[in-house]
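Trainee: The residues making up each chain are set out below.
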Amino acid sequence: MPKSLFQKVWDAHAVRALANGQTQLLIGTHLIHEVTSPQAFGMMRDLGLKVLMPHRTFATVDHIVPTDQFAEPYRDPLAQAMMDELRKNCAQFGITFFDRATGKQGIVHIVGPEQGITQPGTTIACGDSHTSTHGAFGAIAFGIGTSQVRDVLATQTMALGQLKVRRIEVNGKLPPGVYAKDVILHIIRQLGVNGGTGYAYEYAGSTFDGFTMEERMTVCNMSIEGGARVGYVNPDETTFAYLKGRPYSPKGTAWDAAVANWKSFASDPGAKYDDVVKINAAAIAPSVTWGINPGQGITINENVPSPETATSADDKTGIIEALAYMKLTPGAPIKGTKINVAFLGSCTNGRTSDFQEVAKFLKGRRVAPGVKAIAVPGSQIVALQCEKLGLDQIFRDAGFEWREAGCSMCLAMNPDKLVGDQLCASSSNRNFKGRQGSTTGRTLLMSPVMVAAAAVTGAVADAREVFGVGQN
Amino acid sequence: MSLAKISSLTGRGVFVPGNDIDTDRIIPARFMKCVTFDGLGEFLFYDVRKNADGTDKPHPLNDPRFEGATVLLSGANFGCGSSREHAPQAIQKHGFKAVVAEGFAEIFYGNCVTLGIPCFEASREAIAKIAAALEKNPQTELILDVAKQEIRFAGQTVQAAVRPSARDALVNGRWDAIGELLEGLPTVKTTAAKLPYLAA
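Sequences listed follow chains R and X, in order. Last residue of the first sequence: number 471 in numbering that gives the first Met the number 0, and the count goes up by one each step with no gaps. Last residue of the second sequence: number 199 in numbering that gives the first Met the number 0, and the count goes up by one each step with no gaps.
Rather than coming from a laboratory, the hints here were simulated on the basis of the structure. Note that beta-carbon positions come from the ideal geometry of N, C-alpha and C, so glycine has one too. There's no promise every hint is true.
[To be verified] One-sided and incomplete, this derived list gives chain X residues near chain R with beta-carbon spacing under 7 Å: (1) 31; (2) 55; (3) 164.
[To be verified] Estimated spans, in silico, between C-beta atoms of each pair: (4) 61/X - 18/R: 37 to 47 Å; (5) 306/R - 184/X: 53 to 63 Å; (6) 1/X - 386/R: 53 to 63 Å; (7) 52/X - 319/R: 18 to 28 Å; (8) 163/X - 323/R: 37 to 47 Å; (9) 83/R - 64/X: 41 to 51 Å; (10) 185/X - 87/R: 29 to 39 Å; (11) 279/R - 6/X: 42 to 52 Å; (12) 62/X - 323/R: 13 to 23 Å; (13) 245/R - 198/X: 17 to 27 Å.
Only chain R is shown next, with the shape it has when bound in the complex (with noise of 0.2 Å):
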């Protein structure tokens, strides 16, 4: 019987039936970072237990480094604290740490791929709900919390019952100007916050077929914003060429038959699905999110939306509620409005081709007076790629502050705040109330290029007008 790829990998992983019905899954690779593992570690040593297989454990530090900052001790004890705890677990428990001073640190999402860790046909396991970003290569990757962590470093196997698949097609060439994070901010408005609760979200289509890997960890790794918990591509030429010749990635006549091996597990022609979804590419336009969850989006050129447009009585209350919080005028275009901030970077947009692609228009151009602009690269990796190819000199030449690699802005557990009510025009993925540091601060996702866009006019705009995108 025809199968997807979802059911394969699960099929291939599955241990044993477990007594609540719910199956044990194998978990092939484990991620780790300092904020969801201390507790985990805490829970090993009380119960006694060692990590079970600590070659295929990988760590890196993330969330808390200072981007402005590189020696430590940071000013911040706590994440000193926090740093020094993760340093300890993994030498303890025999665990490889992408430590900052390997020059392969980075954003958990962004250093898995760059290193052929993440590979098709596997399962993947991290402390972090945006793991879904590496569904990107056909595996199958789970966001999970602590005590899963535990669970994972224990037994390398997790508790978990099985998940429907929803196959969404988009077809088609995206018109200039609109991107990746356009797709997924478009499926996210047309699928609901919550319409991927208990689904897998199998990405194809042409459009997909069509993307680089870093588009497809775009899309994969807010899968979770609209509820979905993975999401996935199959795997393609496009993800072997990327994972070809990488730190982690097999060599030699091993090449080949990984390979061969990865092909088996694409979702077979004449897969059942629970669901399919079909887009067409041509409707899609660069959007932008003007409420408290990264459901509420809107393209460029579409009002703010009132109360009165509600399509439902939920709906209403949650215009309403968003309208509070984000002090936007119901019935007024988006586009104009006011910026103070402009973020680029995270797991979603934090990856060398969108410094790139920025950077392509932001060269020559010049942030606007009072607004505060950075940069942070994803990586270690992606800032040296970025360094070489001179992007950093242009960013800062434009007025962007150029950081060390981190989460930063995104979540702010680090010193990158917003302050007050500030607006950030932000390439990351989550836009829910306080998320940016401040208890009101505003974020409106958008794409990297749309950052710009606003950074560089001061306000929220249509970055095909202000950098004449499409029409070189």
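Using the hints, position chain X against chain R.
Mentor: Okay, now just chain X, sitting in the frame of chain R:
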């Protein structure tokens, strides 16, 4: 490891209205700068509960009528966003033993079950009935029956679903899977040996 069998529980409730309440709202990220879960209870819903100077904002959890409530009630898609277990930990450490909502985000739900916090999915109407009863008399005792999937209060009964795997795990005292997962270790090794990327 012997775990409590949670087939039903009794307590007073508090209704926190709203849909899509995310885990950043339940426990803001800055309170995750810690290496243990101790003390998280006092930061539950902190930014919607407290002003910058630490004084109280109007919020159901600050309402003295609902002090001591052990059942948290809310709207749709409760616990969306970040996978942080700090959220259910904060809920539990604040004194809550169960959550009732119209629906839950996937990761949050699993995190709750692992901590032995039953999550009941009930209709909006059912939750409104309970909320009305609580508003009328905050001392109303709620009996949450995991096995029967119902909530009884003030002479009324409403349906409240608990997912089959969670129900089994709670009722039979195996909601923390670690013991069972450890028992499966020999089979884990067999499964791993069949996978080229793990066999190496």
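Trainee: For each hint, tell me whether it holds in the structure or not.
Mentor: Taking the hints in turn, this is what the structure says about them:
1. 31: holds (5 Å)
2. 55: At about 14 Å, which exceeds the 7 Å cut-off, the nearest Cβ of chain R leaves the hint on residue 55/X violated.
3. 164: holds (4 Å)
4. 61/X - 18/R: 37 to 47 Å: holds (41 Å)
5. 306/R - 184/X: 53 to 63 Å: holds (56 Å)
6. 1/X - 386/R: 53 to 63 Å: holds (56 Å)
7. 52/X - 319/R: 18 to 28 Å: holds (27 Å)
8. 163/X - 323/R: 37 to 47 Å: Hint holds: Cβ distance 40 Å, inside 37 to 47 Å.
9. 83/R - 64/X: 41 to 51 Å: This hint holds: roughly 44 Å between Cβ atoms.
10. 185/X - 87/R: 29 to 39 Å: holds (31 Å)
11. 279/R - 6/X: 42 to 52 Å: At 51 Å between Cβs, range holds.
12. 62/X - 323/R: 13 to 23 Å: holds (21 Å)
13. 245/R - 198/X: 17 to 27 Å: Between residue 245/R and residue 198/X, where Cβ atoms are some 20 Å apart, the hint holds.
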